[in-house]
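Engineer: Residue numbers in the sequence shown follow the working numbering, run continuously in steps of one, and reach 150 at the last position.
Be careful, since some hints might not be right.
[Stated by the list, open to error] Pair ranges (Cβ atoms, derived):
1. D110 with P130: 13 to 23 Å
2. Q61 with R94: 26 to 36 Å
3. D46 with S99: 19 to 29 Å
4. F114 with L139: 17 to 27 Å
5. P130 with E98: 32 to 42 Å
The hints are simulated quantities; they were obtained by calculation from the structure and are not laboratory data. Note that the Cβ used here is the ideal one computed from N, Cα and C, for glycine as well.
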Amino acid sequence: MRTGQSKQLAGLLVGLVLLLAACGRAPDAAAAGGGAQRAIQNKGSDTLVNLALAWAETYRQVAPDISIAVTGGGSGTGIAALINGTVDIANASRAMKESEIEDARKNGFDPQEFTVAIDALAVIVNQANPVNELTIDQLSDIFTGRITNW
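Could you build all of it, start to finish, from the sequences and the hints given here?
Structural biologist: Below, the structure is given as structure tokens:
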């Protein structure tokens, strides 16, 4: 079973490496001399940082002339940087909001979203808390601030 999962992961990594290749910026005019390095800026979700670093490292093995900088900061930070044009790839552990998509379009591009992983979230309540069960809707309300005292 592990071998099958490893092959699936390898296939996913190859696909993502190809995706990263398509996202590279052209070299700066100042660096346009022979051997100029292309750079890909990647920022966003702290949940995805380690995965993005692994992809960048793997990609670097097949395209050593391309530099990939990966930083975290949160989904919103990455999306904002994508919208304002300071990064090539925004990692997000959520879908883009319609307002973010509209802002990107106002800046001249139509962002494309790709689901590359799905993570799990475990919610653990302190033993002293009398709450025995929370629904998905209640958790959503807690995490979005609609419920502040539970």
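Engineer: All hints are to be evaluated individually against the structure, with a verdict given for each.
Structural biologist: Verification of the hints:
1. Distance hint for D110 and P130: a CB-CB separation of about 49 Å, inconsistent with the stated range 13 to 23 Å.
2. Under the hint 26 to 36 Å, the C-beta atoms of Q61 and R94, about 30 Å apart, fit the expected range.
3. Judged by the Cβ atoms, the range 19 to 29 Å given for D46 and S99 holds: they are separated by roughly 22 Å.
4. Between F114 and L139 the Cβ separation comes to about 26 Å, which falls inside the hinted range of 17 to 27 Å.
5. Range check, P130 to E98: Cβ separation about 38 Å, and the 32 to 42 Å hint holds.
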